[in-house]
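Could you put the whole structure together from the sequences, leaning on the hints where they help?
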Amino acid sequence: ETGVTQSPTHLIKTRGQQVTLRCSSQSGHNTVSWYQQALGQGPQFIFQYYREEENGRGNFPPRFSGLQFPNYSSELNVNALELDDSALYLCASSPAGRNTIYFGEGSWLTVV
Amino acid sequence: KQEVTQIPAALSVPEGENLVLNCSFTDSAIYNLQWFRQDPGKGLTSLLLIQSSQREQTSGRLNASLDKSSGRSTLYIAASQPGDSATYLCAVRANSGAGSYQLTFGKGTKLSVIP
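Residue numbers (the working numbering), protein chains in the order written: chain E, 1 to 112; chain G, 1 to 115.
Bear in mind the hints are in silico, worked out from the structure with no lab data behind them.
Among the clues, some could well be false.
[Claimed, not checked] For each label pair, taking beta carbons as the anchor points, the in silico distance ranges come out as: (1) G:Pro14 - E:Glu82: 39 to 49 angstroms; (2) E:Val112 - G:Glu3: 30 to 40 angstroms; (3) G:Arg61 - E:Arg63: 40 to 50 angstroms; (4) E:Val112 - G:Lys42: 21 to 31 angstroms; (5) G:Gly16 - E:Arg15: 46 to 56 angstroms; (6) G:Ser69 - E:Asn99: 15 to 25 angstroms; (7) E:Gly97 - G:Asp39: 24 to 34 angstroms; (8) G:Gly16 - E:Glu54: 46 to 56 angstroms; (9) E:Arg51 - G:Lys42: 23 to 33 angstroms.
[Stated by the list, open to error] Straight-line alpha carbon distances no greater than 30 angstroms define the calculated DSSO-like cross-link-like pairs of lysine-lysine that follow: (10) G:Lys42 - G:Lys107; (11) G:Lys42 - G:Lys110; (12) G:Lys42 - E:Lys13; (13) E:Lys13 - G:Lys107.
[Claimed, not checked] Beyond 10 angstroms from chain G on every Cβ pair, some chain E residues (computed): (14) Arg15; (15) Gln26; (16) Asn79.
All values derive from a computational prediction rather than experimental measurement.
We put the beta carbon where it would ideally sit given N, CA and C, even for glycine.
In structure tokens:
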């Protein structure tokens, strides 16, 4: 049990649509990051939020955006979905000043 | 750009065997290295974390080593069990600026332990 909860667990969207994935972290985990894991690949870093501000971004286009809220929840939004966006999306959180990172179970997104 | 490679991509061993998983990375300027376990369709569970100043970490039957200068890490699993069957991922963490500590992952090694 990592204390990181993601929703929904599975969803199917049509190409061109928009999707919002949600993550809830433990109290005090003020750093949250999101990763995309395609089938058979390692997770790829999308971006990181610290105290509600984005402070790091991987090689993903602007249609991938996020929000972090004061209650330690966060969102990943993807606009104009493409078939290649089909993947497992993982949320990870870290407590302040610690190296430990906790991953959620992920949200499986299928774009058809 | 940091790149992480894991060898082998897949490994099948009989129960009870000791085994070694390998990880290499191209940029030695890392903050730490972690090994994760991922069961099919699930999230990641952290197994061991080695700080850049450390050489190894142990937890139960698992031992991970780090040679930062050569860009290599190994995960040693002793007396393997069928329950160890999973994908093992290696990830390095670097300070990518503005306090962001992103993880760069390898593609993983899929381990099957045969009873």
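Outcome of the hint check:
In this structure the hint that G:Pro14 and E:Glu82 lie 39 to 49 angstroms apart at CB holds, the actual value being about 43 angstroms. For E:Val112 and G:Glu3, the Cβ-Cβ distance of about 32 angstroms falls inside the hinted range of 30 to 40 angstroms, so the restraint holds. Taking the beta carbon of each, G:Arg61 and E:Arg63 are about 44 angstroms apart, inside 40 to 50 angstroms as hinted. The hint said 21 to 31 angstroms for the Cβ distance between E:Val112 and G:Lys42, and at roughly 23 angstroms that hint holds.
A C-beta distance of roughly 49 angstroms is found between G:Gly16 and E:Arg15, which places it inside the suggested range of 46 to 56 angstroms. Roughly 21 angstroms separates the CB atoms of G:Ser69 and E:Asn99, a value that falls within the hinted 15 to 25 angstroms. Our hint of 24 to 34 angstroms for E:Gly97 and G:Asp39 holds, since their Cβ atoms are close to 30 angstroms apart. At about 48 angstroms, the beta-carbon gap between G:Gly16 and E:Glu54 stays in the expected band of 46 to 56 angstroms.
The given range of 23 to 33 angstroms is respected by E:Arg51 and G:Lys42, whose C-beta atoms sit roughly 29 angstroms from each other. Proposed proximity of G:Lys42 and G:Lys107 is supported: the alpha carbons are some 15 angstroms apart, at most 30 angstroms. Simply put, G:Lys42 and G:Lys110 have alpha-carbon atoms about 14 angstroms apart, close enough for the 30 angstroms limit, and the pair holds. About 21 angstroms separates the Cα atoms of G:Lys42 and E:Lys13, which keeps this hinted pair within 30 angstroms; it holds.
Only pairs whose Cα atoms come within 30 angstroms are accepted, and E:Lys13 paired with G:Lys107 is accepted, the gap being roughly 26 angstroms. Non-interface status of E:Arg15 relative to chain G is upheld: no Cβ of that chain comes within 10 angstroms, the nearest being about 23 angstroms off. Remark: the non-interface label on E:Gln26 is consistent with the geometry, its nearest Cβ contact in chain G lying 15 angstroms away (cut-off 10 angstroms). Against the 10 angstroms criterion, E:Asn79 stays outside the reach of chain G, whose nearest CB is about 22 angstroms from its own CB.
This entry satisfies every hint, going by the numbered hints stated previously.
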